[in-house]
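Enquirer: Chains as they are written, first to last, in the working numbering: chain W, 581 to 693; chain C, 282 to 393.
Quick caveat, the hints were computed from the structure, so don't treat them as lab data. Be aware that a few hints might be false.
Unchecked claim - Covered stretches of chain C, going by a simulated chain W footprint (3 or more residues, C-beta under 8 Å):
(1) 306–316
(2) 347–361
(3) 368–381
Quick caveat: nothing in here was measured; it's all calculated off a predicted structure. Each residue gets a CB set at the ideal place from its N, CA and C atoms; glycine is no exception.
Below are the chains, spelled out letter by letter.
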Amino acid sequence: AQSVAQPEDQVNVAEGNPLTVKCTYSVSGNPYLFWYVQYPNRGLQFLLKYITGDNLVKGSYGFEAEFNKSQTSFHLKKPSALVSDSALYFCAVSSYNTDKLIFGTGTRLQVFP
Amino acid sequence: NAGVTQTPKFRVLKTGQSMTLLCAQDMNHEYMYWYRQDPGMGLRLIHYSVGEGTTAKGEVPDGYNVSRLKKQNFLLGLESAAPSQTSVYFCASKVTGANVLTFGAGSRLTVL
Numbered sequence: 581a582q583s584v585a586q587p588e589d590q591v592n593v594a595e596g597n598p599l600t601v602k603c604t605y606s607v608s609g610n611p612y613l614f615w616y617v618q619y620p621n622r623g624l625q626f627l628l629k630y631i632t633g634d635n636l637v638k639g640s641y642g643f644e645a646e647f648n649k650s651q652t653s654f655h656l657k658k659p660s661a662l663v664s665d666s667a668l669y670f671c672a673v674s675s676y677n678t679d680k681l682i683f684g685t686g687t688r689l690q691v692f693p
Numbered sequence: 282n283a284g285v286t287q288t289p290k291f292r293v294l295k296t297g298q299s300m301t302l303l304c305a306q307d308m309n310h311e312y313m314y315w316y317r318q319d320p321g322m323g324l325r326l327i328h329y330s331v332g333e334g335t336t337a338k339g340e341v342p343d344g345y346n347v348s349r350l351k352k353q354n355f356l357l358g359l360e361s362a363a364p365s366q367t368s369v370y371f372c373a374s375k376v377t378g379a380n381v382l383t384f385g386a387g388s389r390l391t392v393l
């Protein structure tokens with residue numbers, strides 16, 4: 581069975597500092613990994629994905645994520661946080677042999693001026 | 282293109298009442314999904330469909346039924362609403378072979 585863990589309910593960071601939002605996963609077979617962002621009263625928006633290839637993937641708004649197979653992790657990162665990055669971030673996992681995308685519980689990112 | 286449209290956006294029900302949430306997509310996507318979002322629980326998959334006339338159970342299907350009579354529409358029904366079904370419901374869709382979901386704006390349901 582697939583599962584995703586986001587160990588932090590909230591991450592606080594000062595504007596201009598680097599940020600990391602953590603995600604670990606469990607899936608049989610090779611994972612397909614995703615990050616989505618949700619702004620207040622909106623649906624989820626796709627940020628980036630890892631399917632295969634380079635372990636470091638770059639996405640929208642300057643975000644990137646690193647796939648680490650040995651640690652079964654897919655942490656979201658950004659070198660310099662913006663106040664406008666404040667939102668709810670979801671990690672999700674799927675694989676080639678399933679049609680289902682399973683989400684984590686979400687991490688609220690708060691960037692302070 | 283409207284993308285994924287959910288109706289209604291808000292609804293208040295009394296316990297035991299029934300209702301249907303409609304999801305419509307104009308992107309010719311084969312796959313459609315219904316999720317519910319609850320504080321501290323993230324998004325949980327209720328039911329999904331891999332094509333017209335097909336449906337399958339997700340993580341939390343109990344108390345819900347779905348139908349996909351037309352490719353562009355995916356209906357989520359509550360036959361007898363319960364307070365535990367108070368939630369925000371999201372519909373999403375994708376094409377075959379793609380991995381990225383397109384989400385609707387959500388439907389907030391309150392069951393009293």
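Enquirer: Count the residues of the region 347–361 of chain C with a beta-carbon closer than 8 Å to any beta-carbon of chain W: does the count reach three?
Expert: The restraint on the region 347–361 of chain C is violated, since only 0 of its residues have a Cβ under 8 Å from chain W and three are required.
Enquirer: Three or more residues of the region 368–381 of chain C near chain W by CB distance under 8 Å?
Expert: Since 4 is at least three, the answer is holds.
Enquirer: Take the region 306–316 of chain C, compare each residue's beta carbon with every beta carbon of chain W, and decide whether three or more fall closer than 8 Å.
Expert: The restraint on the region 306–316 of chain C holds, since 3 of its residues have a Cβ under 8 Å from chain W and three suffice.
Going down the numbered hints, you'll see the structure goes against just number 2.
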